[in-house]
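S.K.: The primary structure of each chain is shown beneath.
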Amino acid sequence: MMLKPNWPRRRRSLIVLLLGLLFLGLLVGPSYQWTQSNVKSMTGRHDSQMSPIIMIPGSSATQNRFDTLVKQLNKADHRQHSLIKITVGTDDQIKITGALRPRDNEPVIVVGFQNNHDGYGNIKKQARWFSLAFKKVAAKYQFNNFKAIGHSNGGLIYTYFFEHYFNRDDITVKRIMTIGSPYNFSEANLSHKTQMLADFIKYRDNLPKSATMYSVAGTENYDSDGLVPARSVEAGKYVYQGQVKHFTEITVTGNDAQHSDLPQNQQIVTLIRTYMLDKKPSRNKRLVTANTTE
Amino acid sequence: MRISEQQLIQRLVPRLLRFRETNFYRIIQRTLILAFPLILIGTFSQIIQQAVLTKTGFIASIFHLSKWVPYYQYLHYPFDGLTSLTLNGVAVVVAFGAAKYHAKFNQRDDQLAGLTAAIALLIMAYQYTNQSQGSTFNTLLIGTNGFTGALIVGGMTGLCFKWFSKPVNGARDAHTSEILNRTFGSLLPMAVVLIVAVIISLGLNWLTVATYSAENLVAFQKFAMTSHSLWLTFGLAALTLVLEIFGFAGPFQERLVTNSTSMTTNLNYALTHHSAYHVPYRYTANTLYHAFGTFGGTGMLLALIIAIYIASNNHNYHVVARWSLLPALFNSNGPMMTGLPVLYNPIYLIPFIIAPLVNMAVATVAIGLNWIPPVVYPVPVGTPGPLIAFIGTNGNVIALLIGIIDLALSVAIYLPFMRLAEAILNAAKAEAGVHHDA
Numbered sequence: 001m002m003l004k005p006n007w008p009r010r011r012r013s014l015i016v017l018l019l020g021l022l023f024l025g026l027l028v029g030p031s032y033q034w035t036q037s038n039v040k041s042m043t044g045r046h047d048s049q050m051s052p053i054i055m056i057p058g059s060s061a062t063q064n065r066f067d068t069l070v071k072q073l074n075k076a077d078h079r080q081h082s083l084i085k086i087t088v089g090t091d092d093q094i095k096i097t098g099a100l101r102p103r104d105n106e107p108v109i110v111v112g113f114q115n116n117h118d119g120y121g122n123i124k125k126q127a128r129w130f131s132l133a134f135k136k137v138a139a140k141y142q143f144n145n146f147k148a149i150g151h152s153n154g155g156l157i158y159t160y161f162f163e164h165y166f167n168r169d170d171i172t173v174k175r176i177m178t179i180g181s182p183y184n185f186s187e188a189n190l191s192h193k194t195q196m197l198a199d200f201i202k203y204r205d206n207l208p209k210s211a212t213m214y215s216v217a218g219t220e221n222y223d224s225d226g227l228v229p230a231r232s233v234e235a236g237k238y239v240y241q242g243q244v245k246h247f248t249e250i251t252v253t254g255n256d257a258q259h260s261d262l263p264q265n266q267q268i269v270t271l272i273r274t275y276m277l278d279k280k281p282s283r284n285k286r287l288v289t290a291n292t293t294e
Numbered sequence: 001m002r003i004s005e006q007q008l009i010q011r012l013v014p015r016l017l018r019f020r021e022t023n024f025y026r027i028i029q030r031t032l033i034l035a036f037p038l039i040l041i042g043t044f045s046q047i048i049q050q051a052v053l054t055k056t057g058f059i060a061s062i063f064h065l066s067k068w069v070p071y072y073q074y075l076h077y078p079f080d081g082l083t084s085l086t087l088n089g090v091a092v093v094v095a096f097g098a099a100k101y102h103a104k105f106n107q108r109d110d111q112l113a114g115l116t117a118a119i120a121l122l123i124m125a126y127q128y129t130n131q132s133q134g135s136t137f138n139t140l141l142i143g144t145n146g147f148t149g150a151l152i153v154g155g156m157t158g159l160c161f162k163w164f165s166k167p168v169n170g171a172r173d174a175h176t177s178e179i180l181n182r183t184f185g186s187l188l189p190m191a192v193v194l195i196v197a198v199i200i201s202l203g204l205n206w207l208t209v210a211t212y213s214a215e216n217l218v219a220f221q222k223f224a225m226t227s228h229s230l231w232l233t234f235g236l237a238a239l240t241l242v243l244e245i246f247g248f249a250g251p252f253q254e255r256l257v258t259n260s261t262s263m264t265t266n267l268n269y270a271l272t273h274h275s276a277y278h279v280p281y282r283y284t285a286n287t288l289y290h291a292f293g294t295f296g297g298t299g300m301l302l303a304l305i306i307a308i309y310i311a312s313n314n315h316n317y318h319v320v321a322r323w324s325l326l327p328a329l330f331n332s333n334g335p336m337m338t339g340l341p342v343l344y345n346p347i348y349l350i351p352f353i354i355a356p357l358v359n360m361a362v363a364t365v366a367i368g369l370n371w372i373p374p375v376v377y378p379v380p381v382g383t384p385g386p387l388i389a390f391i392g393t394n395g396n397v398i399a400l401l402i403g404i405i406d407l408a409l410s411v412a413i414y415l416p417f418m419r420l421a422e423a424i425l426n427a428a429k430a431e432a433g434v435h436h437d438a
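Going down the list, the protein sequences come from chains A and B.
Under this note's numbering, the letters of the first sequence match residues 1 to 294, in that order.
Under this note's numbering, the letters of the second sequence match residues 1 to 438, in that order.
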């Protein structure tokens, strides 16, 4: 007992259907453009050879903190790493100085903050500012991997950044090095965990699983670099160990092992060259490996 | 063909009509209609939130909204609240409705029964924590996935009221003392229901703590999304569809798992080789089920909407279908599921399962013959079904064509079942002797 079609009602629905199809049809063009440009930019990033070293200085230091270190690195490995400096203001403004040299795939990018004060509250803010700067350089230099170096509180900012802000699946952090970073602030006794360390441990699941991590401590005597207790640097293992791919602790002693001298310490410059920098391009490598048994 | 279809309909109508007239089905249907407006509002809010106001949403992506709309990053807040208190809490309304109608059929105090069921469900979904601040509810139980649980809770509450309280007369303007009397009469079933709810709640919390069941579900979905054997993908898709029409969350339910290893591997392969053909995992949930089997949400309900537009004579069908088109274009099937309803509807069980599987089969053949590459590139949230494969293949026109063919096939699959449902509606009307068409 089929009823006769009710044409006016159907006509209204068919108009809605036509509008819907028209809507879909109009979206085909923009969709095509979006996916083409999206895939193109993904391909660009995927094929990119760029692999910067991004450094964060400690508290009270500026974006110029690593000038000497970069000079020493450039001198030691005869490669002119560009030095790009970024300052993030308290109003989220980002200022970039320095430029990428042509054919340089491993620039050093230093991120400093207008508010560079100590304290957990400031570290949280600085981590957010760093995330803004990171987003900016990631868009500008189109890299798909990078290396992270943080001196003193810079390592803490990095840790907070990795746990709370870094969630990109198109960019990986290959290696992380923190130098004299006080994971438990000035507290030498590990049974007294600071709020920051407790938080770091709480969210450690978010740390990048594929990264190799080096925590470098300096000591002038048996238990401190003059400012940061060695046990506080060591507390980093409760955060990173078991979360990242490899976790290595290194203790540097001797000349220039005082906390503020660490970035200029010859030993640490060598560590950075060996562990953090990429190996030289393969055309040189072939010549080298032909003559050595390495 | 047409005649045999007619005969089949004639034969099936009386049986299904009898089922329709059971109290059980009536309660379910009225409850779903009660939830429908909330679902409709929640769905509209959700598509605005996901497709327009999320940076990775479909409309936001293709029109680069985050770049030029002022205060874009704050605009989603009102919709967050609206969505989570309508869609993600709708099962509370379902529990209320089920208990209310159950009590009403048995002449018990329906308001108190409804409220008791709603509170009982909230108690069961309550998550106990050690911290004193902030308590949360398990959204699996009170959101759209909690429909079936809520119906059971509501039904049980109604049953308790039937057992433990006396019938009341339905007089509207009852005297205050009579209302008080009625309230005290309902105290016993209320207490029973709430105590049982507390016990179940404690049991559920203990079970979650003891067995990590929430993580198990996520782990299972992760496994399902990662599986890449052809049979497993089809089997899990069928399982998902069966579970969803009965109101549960299936293994392929999208929202919980966003990224899987097989997707990442495929994408990296495609980016490295500058081509998406011959990626390692060609037949996954992502390349087949999500790309070709979910136009208009789970069960290809966009096809049912079109089927209604072109062939239905039922006024209500047309109204529901018109309201459901926009959500369905952005792959939300909530309004159709509850408005028609498709949920718990034995008539639509077959096309709900068959249509997506047929589409997946067409796509499998097309991928197998290398007519189209598998869907490997990112697709924004809320992309209209027929465009998913087109975007995910970096704008392959044949993929768009196959999407359209799939849609047409699904309309053809849904059409006879839609006619059957309509014939039953007409028979029901004829039986009731009401020729009412408004």
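Since the hints were derived computationally from the structure, they do not count as laboratory data.
You may find that some hints are simply not true.
Said to hold, decoys possible - In silico DMTMM-like pairs for lysine to aspartate or glutamate, Cα to Cα no more than 25 Å straight-line:
| id | chain 1 | residue 1 | chain 2 | residue 2 |
| --- | --- | --- | --- | --- |
| 1 | A | Lys135 | A | Asp278 |
| 2 | A | Lys174 | A | Glu187 |
| 3 | B | Lys55 | A | Asp169 |
| 4 | B | Lys55 | A | Asp223 |
| 5 | A | Lys125 | A | Glu220 |
| 6 | B | Lys67 | A | Asp91 |
| 7 | A | Lys174 | A | Asp199 |
| 8 | A | Lys125 | A | Asp77 |
| 9 | B | Lys67 | A | Asp92 |
| 10 | A | Lys40 | A | Asp170 |
| 11 | A | Lys125 | A | Asp104 |
| 12 | B | Lys55 | A | Glu187 |
| 13 | B | Lys222 | A | Asp92 |
| 14 | B | Lys222 | A | Asp205 |
| 15 | B | Lys67 | A | Asp261 |
| 16 | A | Lys140 | A | Glu249 |
| 17 | A | Lys85 | A | Asp170 |
| 18 | B | Lys222 | A | Asp278 |
| 19 | B | Lys67 | A | Asp199 |
| 20 | B | Lys55 | A | Asp92 |
Just so it is clear, the structure is predicted and the values come from calculations on it, not from any experiment.
S.K.: So which hints don't hold here, by number, going up?
M.R.: Violated hints (numbers, rising): 2, 4, 5, 8, 11, 12, 13, 15, 16, 18 and 19; every other hint is consistent with the structure.
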